[in-house]
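**Student:** For reference, the chains in residue letters:
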Amino acid sequence: MPKITYIEHNGTAHEIQVPVGKTVMHGAVDNNVPGIDADCGGECACATCHVYIDAAWLDRIGLPTAGSNEASMLSFAAVTQSDSRLSCQIDVTDALDGLVVRMPEGQH
Amino acid sequence: MNAPVHFDPALDAYSTPLDQIDVSNPRLFQDDVYYPYFERLRREDPVHYRKDGMYGSFWSVTKFKDIMTVETHPEIYSSEAKLGGISITDRPMEFRRSSFISMDPPRHDEQRKVVSPIVAPGNLNNMSSVIRERVCKVLDGLPRGETFDWVERVSIELTTLMLTTLFDFPIEERSKLTYWSDCATADVNAGGVVDSEQKRLEILGEALRTFTGLWHERAARPAGFDLISMLAHSEATKNLVNDPAEFLGNLVLLIVGGNDTTRNSMTGGLWALCKHPAEYQKLRDNPSLIPSMVPEIIRWQSPIVHMRRTAVADTELGGKQIKAGDKVVMWYISGNRDEDSIDRPDAFIIDRARPRHHLSFGFGVHRCVGNRLAEMQLIILWEEILKRFPRIELVAEPRRIYSNFIHGIAEMKVCIPA
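Protein sequences, first through last, are from chains H and L. The numbering of the first sequence is our numbering, which starts it at 12 and goes up by one. The numbering of the second sequence is our numbering, which starts it at 10 and goes up by one.
Treat the hints as calculated values from the structure; they're not laboratory data. Glycine included, each C-beta is placed from N, C-alpha and C at the ideal position. One should not assume that every hint holds.
Pulled from the structure, derived: some chain H residues nowhere near chain L, Cβ distances all over 12 angstroms [as the list claims (entries may be wrong)]:
1) 12
2) 32
3) 71
4) 104
5) 105
Quick partial rundown of chain H residues pointing at chain L, CB under 8 angstroms, derived from the structure [as the list claims (entries may be wrong)]:
6) 54
7) 83
8) 84
Assemble the whole structure, with the sequences as input and the hints as a guide.
**Tutor:** Here's what the structure looks like:
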């Protein structure tokens, strides 16, 4: 199973094995990792599963396409950066083994 | 001799012909008897068409998942003011005021982005100490061993003070904000001061004049961190004051959004705890449950009963054919009780596994901009209540307002034992 590292805003790191086919958001929520709320449950409708993608992974993960629902929802999230994504929109594959994401301030 | 007539809402809800059920009747919410009507629709006709109801012909969307579908497709389900906006009431065209909640992307996005920094995490941290100070002061001033109105003494006072901070509004004139907020949302048939759209506009005209004055004052000064200054100094909204109808629309949105909803959750939360003594005890035994109780309170209260959209294309929803031009009403108050999306939805449980999975803030691009501020106010309120009062007792059932839009409590008599 691919391993994903979630780093809370306060620096606490959580290494989680996430099954292929789940989303990066589910990997956190299913394991009670704080910092990803996912109020809407993965519908790309609340922007509370916001993460920053580690620089080494940004090329592989990519950014949301302009005009997409994700880009629109992200534009309302607080403290966005050029490496911001909504983790409910990233499907876990074997290629993402080792992925590192960081959580912004303000998510629980 | 006739025995007193006992009205049984469940019997009525299940015996009325399905096509005659009209969940838009504000009396259902005023009398707190709406539950079985929505329960029946969720079970038997979750996307329900009511022809020629009290508020015209409209689709009722009653299940969580169908509401989510409407929320996430603004290109099909429009919020545009000129089409009817966000409320089931079809106001005459000249009274349809635009604001960013009654706009679609991309204009909505530009205006919303101007005000959203006021509720960014860093600023919430800055506001928390002011909020706590006020909460302490208000709670310390409450009488012991005598009956008082929680709505007036606590809920209105705290939320109105919050508005004065957000707008940097003169604190001694704060009761005007509450008055304008109530007038903005009043149903014209509720029997109150606002008995026509014309009357509403006259009252809100005073709000417009007051805020226009504040705008010019703030525009002439360097940018500050209150809502009016932010609007006056932002590229996307710097000319808003020249469009009085849209300026007023946005003012009403921000005043009502920052006021009514939290006010009624402050009252509704205490009501819920008083009606569920075991949960109240659980809270007293473990105040660390407050952060998960607060979203449950917001689900339980569902402060906004519905939001409306207007279809701009033919589409299908829950197996029904929706036509372009149809009025589509998302009943949040019903979706929040949908057993297919929420475990034991008719139970008030302060330690749910996923308490934020509710519809009260809406979802999608129009999701409540102030949702974290609202939660923070409620968290601080309950932290300070528990420090002071082992119990607060309900003296009488709340008096609710005549509205199918604001799930409002006008009065709730309580007593803090001496």
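**Student:** Was residue 12 of chain H rightly flagged as not at the interface, with every chain L Cβ beyond 12 angstroms?
**Tutor:** At about 23 angstroms from chain L, residue 12 of chain H clears the 12 angstroms cut-off, so the statement holds.
**Student:** Report holds if the minimum CB distance from residue 105 of chain H to chain L is greater than 12 angstroms, and violated otherwise.
**Tutor:** Check passes; 29 angstroms lies beyond 12 angstroms.
**Student:** Taking C-beta pairs only, is residue 32 of chain H more than 12 angstroms away from all of chain L?
**Tutor:** Label holds. Min Cβ-Cβ 21 angstroms, cutoff 12 angstroms.
**Student:** Does the no-contact call for residue 104 of chain H survive, Cβ to all of chain L over 12 angstroms?
**Tutor:** The claim holds: residue 104 of chain H sits with its nearest Cβ about 25 angstroms from chain L, beyond 12 angstroms.
**Student:** Can you verify the interface hint for residue 54 of chain H: is its Cβ closer than 8 angstroms to any Cβ in chain L?
**Tutor:** Since the shortest Cβ distance to chain L is 6 angstroms, the answer is holds.
**Student:** Verify the interface restraint on residue 83 of chain H: the C-beta must sit less than 8 angstroms from at least one C-beta of chain L.
**Tutor:** Result: holds, 6 angstroms to nearest chain L Cβ.
**Student:** Should the hint that residue 84 of chain H touches chain L count as held when the rule is a Cβ pair under 8 angstroms?
**Tutor:** Cβ of residue 84 of chain H sits 7 angstroms from chain L, so the hint holds.
**Student:** Taking C-beta pairs only, is residue 71 of chain H more than 12 angstroms away from all of chain L?
**Tutor:** Holds: least Cβ distance 27 angstroms, greater than 12 angstroms.
In summary, the structure agrees with every hint in the numbered list given earlier.
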